[in-house]
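S.K.: Here the structure of chain B is known, so what remains is to put chain E in place on it, guided by the hints.
Chains as they are written, first to last, in the working numbering: chain B, 13 to 458; chain E, 13 to 458.
Since the hints were derived computationally from the structure, they do not count as laboratory data.
Be careful, since some hints might not be right.
[Stated by the list, open to error] Partial selection, computed: residues in chain E whose CB lies under 8 Å from chain B:
{"no.": "1", "residue": "83"}
{"no.": "2", "residue": "150"}
{"no.": "3", "residue": "152"}
{"no.": "4", "residue": "282"}
{"no.": "5", "residue": "286"}
{"no.": "6", "residue": "352"}
{"no.": "7", "residue": "359"}
[Unchecked claim] Derived list of chain E stretches under chain B, where covered just means 3 residues or more per stretch with a C-beta under 8 Å from a C-beta of chain B:
{"no.": "8", "stretch": "39-50"}
{"no.": "9", "stretch": "213-222"}
{"no.": "10", "stretch": "244-255"}
[As the list claims (entries may be wrong)] Away from chain E, derived, C-beta distances all over 12 Å, residues of chain B:
{"no.": "11", "residue": "74"}
{"no.": "12", "residue": "117"}
{"no.": "13", "residue": "170"}
{"no.": "14", "residue": "190"}
{"no.": "15", "residue": "196"}
{"no.": "16", "residue": "222"}
{"no.": "17", "residue": "231"}
{"no.": "18", "residue": "233"}
{"no.": "19", "residue": "241"}
{"no.": "20", "residue": "249"}
{"no.": "21", "residue": "262"}
{"no.": "22", "residue": "310"}
{"no.": "23", "residue": "335"}
{"no.": "24", "residue": "384"}
{"no.": "25", "residue": "387"}
{"no.": "26", "residue": "401"}
Backbone N, C-alpha and C define an ideal beta-carbon position, used for all residues, glycine too.
Protein chains: 2
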Amino acid sequence: MPSDGNATASPFDVTLPNGLRVLYEPMPWLPTLSVTLLMPFGSVTDPIGNEGSASVLHEWLQRGAGDLDSRALSDAFEDLGVRRGGNAGRETSTLGAGFLAADAARALPLLADMVKRPRFESPEFAPAVELAQEELRSLEDAPTQKMFEALTARFLASPHRRSSLGTPEGLAALTEAGVRADAADRVGPDGAILALAGGSTWEQLLPVIEETFGTWRGATQPVPAPELAPQGLHHVDAETTQLQVGLAYPSAQVGTDEGYLYTLALNVLSGSMGARLFTEIREKRGLVYSVSAGTRALRGLGFTVGYAGTTTERAAETLQVFLAELDRLAEGVTAEELERSRTGLLSSVVMRGESSGATAGRLATDAYYLGRARTLAEVSDKIESATLEQVNEYLAANPVPTPTIVTLGRLPEGGLGLPAATATATEVGTGTGTATGTDAGTEGRA
Amino acid sequence: MPSDGNATASPFDVTLPNGLRVLYEPMPWLPTLSVTLLMPFGSVTDPIGNEGSASVLHEWLQRGAGDLDSRALSDAFEDLGVRRGGNAGRETSTLGAGFLAADAARALPLLADMVKRPRFESPEFAPAVELAQEELRSLEDAPTQKMFEALTARFLASPHRRSSLGTPEGLAALTEAGVRADAADRVGPDGAILALAGGSTWEQLLPVIEETFGTWRGATQPVPAPELAPQGLHHVDAETTQLQVGLAYPSAQVGTDEGYLYTLALNVLSGSMGARLFTEIREKRGLVYSVSAGTRALRGLGFTVGYAGTTTERAAETLQVFLAELDRLAEGVTAEELERSRTGLLSSVVMRGESSGATAGRLATDAYYLGRARTLAEVSDKIESATLEQVNEYLAANPVPTPTIVTLGRLPEGGLGLPAATATATEVGTGTGTATGTDAGTEGRA
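The shape of chain B in the complex, shown without the other chains (with noise of 0.2 Å):
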């Protein structure tokens, strides 16, 4: 039967000579195939003084590759039907495509010149630079994605603080020949992932990738490690309705032995209608409308990241409640906790292994965060084999650390009222939170 073939088949999974990763997981039971390339360049190495680079790179390489000017190349992918996606990161940027599997052939030499031989023409320059503009600017009436700019830069010392939308100083900065030499030094096959899945075969697909990307060249940057700020509690000022609240606590790896130990218990905070946050925050007390915890990763830091959408009036209690669920995990879960966690992780194991983009992505992220991509067979086994035991000692021996905390919005009068212990050991900003490539200083890259 196709339906448990992806839970036990490990993906193909070869480097190669130009440095270029590549992984295909077959899914024979579909007529579509999903590619994610991902590729290490984005505001993390952005050129000092050029922040926004990456993410104008990303938007003009898209505009007209090969022999192909925007329009047609555009046009090429239409043609075939491809879906398009992709984004510019702040270590990662990738290009997605979807497409029937019966394409690849025309489609992956498309979706190749693009990073291979982007024509980079100067009539497409202004036009990507003026999007990465809009896109900065309708940040200003996003609050919530707002706050949490502010809240990488106040959680991260490191490059990693930067936004991936760039600033406006650096983004007007930008010249098309220093962007063309960006793309030259950053835009390359040695660190990047091709990631497959579908229903195509490895024999069809291999010769068509090393015939199309097998002939990329280009140099890749290392990107650094991630490192984190002091802890803090930072404040933004801004005419909302609602106070956004959101914080940020470093947390194990997902993927590792440790990470599926957390996950199961991050899981019993925050994995569904009934979990412990919802529950107190949202049911019991009307608090917010959204609550949340989820964990984020960078390579080499493992984080998790808390939200809350309240009021100003309800901004204390909430944050007060949402704290002490963080510091009771430590006191452990129930075995009833724990199964309905582990039922709900092996749930979505299953549904997100049925489409082809999700499980492209997963190639893609496991092999750059965990240096390898895991089957679903290995990640069922993890979830369904840590004991109660196993989970509630990593919860006493790793108990949460004290987030640094943002928020957006107007303050209530007698401040968020934390409770001592949390109150004395931060401090409390004043700035904007919001990362800007100068305060990044030296560790970006000249």
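M.R.: Chain E only, in chain B's frame:
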């Protein structure tokens, strides 16, 4: 091969004696089953003075059912790893679930109990109301969504113009007894649709459905026919960075013969990165970060909604180009554009057909808006068989009517500089554009 099983089979489709329509599309290669329960209640049929009742009712009925209180119900779902969803809308509200197909006989009774035997316990009422209030308040921090609420309120004259989130006054006026009575009046099986898709069999599912949903009793209310408001141009002042521009006009209903021709044409305008709107407004002029146009459905009324997020300075040009592109549709599309549009739509059909959740959703909305569920083969055939002549004849005979336009943000000093023909046909409103129960007036249900 299972890969095209879903493209050829007709879905199972029966109406139970209590009026509930049940549809099922087997996807035997999947280990999961997705369910959408679509019910004909929403803000359109909210009692006058109690705007938001549907939203609160929808939340409250998920907080305990049958023998299980709120917590126990939530735990029961989690014990099975059920992923839940759903929302309270204008005409209809939904409950959704995804789970392992093998658990159907245990998950479906829980889902059925929420509508058959909601407990509507007193302690759960206030939190349900507070959540609805918080959701309404959060709209203030979401300018795009707020603009769309204003656009709907200005585009429609019937109670469909009301926000699905209710009004502050309506929510404040809700009582436990009132919402319980409202539920008895509106949450019944007649006119409701239960759509399922995934890895089970009709023989296994039908007895379970008959035993659970077959014994559902309760009244429903007819949903009134939608009526259009006079076309107009309206502005909502707000201190935003972007100017939010929305427009709406009636158009062919998706899934009808005319609907296929119109959808193929609209896809030329806004289906992809190479589409006209994207090229003219975004790529060539860099006027906006986001621009799009898409079809929407009410029962008995198809319409199209356009969106652009731009700056105050660029608003006039953006809107002018947008309106010119809508007008230009009457001149037809080229053979090349049609083929690309066709390929893109066919590709979407295949990709959405891979997901059990998307399939269950399609069955439910087809049954509600069209009266019957289409097969994917039928959809593909219609898209494949439309000729250039048919599309262009349709476009020439059905030019896009002057849309109702709503802007939100800060208007440019010189106004929007609309061409005289458009400007004289419109009146500039100054209201907030927010739908209120009171001015929906006597069309609401008393």
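S.K.: Give a verdict on every hint.
M.R.: Against the structure, the hints:
1. 83: Constraint on residue 83 of chain E satisfied, holds at 7 Å.
2. 150: 5 Å, holds
3. 152: Holds: closest Cβ of chain B sits about 4 Å from residue 152 of chain E, inside 8 Å.
4. 282: 13 Å, violated
5. 286: For residue 286 of chain E, the interface hint holds, since the closest Cβ of chain B sits about 4 Å away, which is under 8 Å.
6. 352: Interface hint status for residue 352 of chain E: holds (4 Å vs cutoff 8 Å).
7. 359: This interface hint holds because 3 Å falls under the 8 Å limit.
8. 39-50: holds (count 4)
9. 213-222: Coverage by chain B is violated here, the residue count being 0 at a Cβ distance below 8 Å.
10. 244-255: holds (count 4)
11. 74: 8 Å, violated
12. 117: At roughly 16 Å from the nearest Cβ of chain E, residue 117 of chain B sits farther out than 12 Å, so the non-interface label holds.
13. 170: 28 Å, holds
14. 190: Nearest chain E Cβ is 19 Å from residue 190 of chain B, so the label holds.
15. 196: Holds: least Cβ distance 24 Å, greater than 12 Å.
16. 222: Holds, because the least Cβ-Cβ distance between residue 222 of chain B and chain E comes to about 26 Å, which exceeds 12 Å.
17. 231: 28 Å, holds
18. 233: Its Cβ never comes within 12 Å of chain E, the nearest being 28 Å, so this holds.
19. 241: 27 Å, holds
20. 249: 14 Å, holds
21. 262: 28 Å, holds
22. 310: 27 Å, holds
23. 335: It holds; residue 335 of chain B is separated from chain E by about 20 Å at its closest Cβ, greater than 12 Å.
24. 384: 25 Å, holds
25. 387: About 16 Å separates residue 387 of chain B from the closest Cβ of chain E, which puts it past 12 Å; holds.
26. 401: 21 Å, holds
Of the hints listed earlier, those the structure fails to meet are numbers 4, 9, 11, in rising order.
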